[in-house]
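Protein chains in written order, with UniProt numbering: chain A, 1 to 198; chain B, 1 to 198.
If you're looking for bench data, these hints aren't it; they were derived computationally from the structure. Take the hints with a grain of salt, since some may be wrong.
[As the list claims (entries may be wrong)] List time: in silico DSSO-like cross-link candidates among lysine-lysine, alpha-carbon distance up to 30 Å:
no.	chain 1	residue 1	chain 2	residue 2
1	A	166	A	193
2	B	35	A	36
3	A	35	B	37
4	B	37	A	36
[To be verified] Some but not every residue of chain B turned toward chain A, in silico, with C-beta under 10 Å:
no.	residue
5	10
6	15
7	49
8	147
Just so you know, even glycine gets a beta-carbon here, dropped at the ideal spot from N, CA and C.
Protein chains: 2
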Amino acid sequence: MASGGPEIEQLIQLLARLPGLGPRSARRAVLHLIKKKDQLMIPLSAALDRAVLAVRSCEVCGNVDTQSPCSICADPRRGDAGMLIVVEDVADLWALERAGVGAVRYHVLGGVLSPLDGVGPDDLSIDMLIRRAPDYREIVLAVNATVEGQTTAHYITDRLVGSGAKVTRLAHGVPVGGELDYLDEGTLSQALKARTEI
Amino acid sequence: MASGGPEIEQLIQLLARLPGLGPRSARRAVLHLIKKKDQLMIPLSAALDRAVLAVRSCEVCGNVDTQSPCSICADPRRGDAGMLIVVEDVADLWALERAGVGAVRYHVLGGVLSPLDGVGPDDLSIDMLIRRAPDYREIVLAVNATVEGQTTAHYITDRLVGSGAKVTRLAHGVPVGGELDYLDEGTLSQALKARTEI
Ligand SMILES: [Zn+2]
Ligand SMILES: [Zn+2]
């Protein structure tokens, strides 16, 4: 039978769809929410309502923010540095920001080339990247060290020929097969400092 | 710096307070919510709003439901069986229901006796249990197999002398030191079938 009525059951099922939570941990999470109704459940409910209304994708870089252009694209000091870091996903952008890589800008591809999954260049924001490139001195391809990530980097490097920007990649230091978002911040920071020209 | 504005940052911080989620998995959960805005974020927001309004504690047994008395206390067939299962926590009640233990009723203590933490009999719903006991043929003390759980069971057994109800405990089969909510459903079901008189 359902635990505690349809409202609770539905909440458990939705939470169980979050990465890192399964049905059992979702049930524990819901019981925790109910126990901490005033301190946690009501504030979380309000925060979700606000985020649903406020969150949007940056039309320039693909970052997630409550404004578009996002706060990074809107910050003129970040343009001055002339460095544009290309990432697969918003999670990677956040990881680099947490690593404190400095006054840079980003471009979120929204994935990687993957012919087997039917993901081609038009499914990623590559055209937009090519248009942005002339405004930057250096384009750092900070894609994951996976086969698809490296294929995507080669493709972008070819497309960027003639843009005038220097194209670099993160230094090895990123473990082969590893994903940026799981790296510790020191490793990420070092890998950016020791980046090499492609 | 904050990732994506104050609304997103606050959502991450609140989700990180759920059991089983830390700051990193909360960030991944929020990005997942944003990506699946229509399919997951908006339904979750609505489900939380509904649950905040609907959820209450059962004034009879301490279960969490959207009605009080809860659907278990309100079901007359469950009273006929004459079995009242005493648990520490709502999570344990849900675990027993998932195990399909049958047409029983429950009593949620809300914790265990723990003098070191300042938890005495008046902090648990023991008086209420004593008042309910005469309506039942058998009281099953399904508390965790921890020191505090067993101390609580002894205390309750003493208080139930003269109630007319037979007092039993779950069969060994519950691993010593183990917590009910982590057990597989077959073990729980077997432990209830082989329960012994105290
Ligand atoms: Zn942006
Ligand atoms: Zn009840």
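Which numbered hints fail: As far as the earlier hints go, only 8 is violated by this structure.
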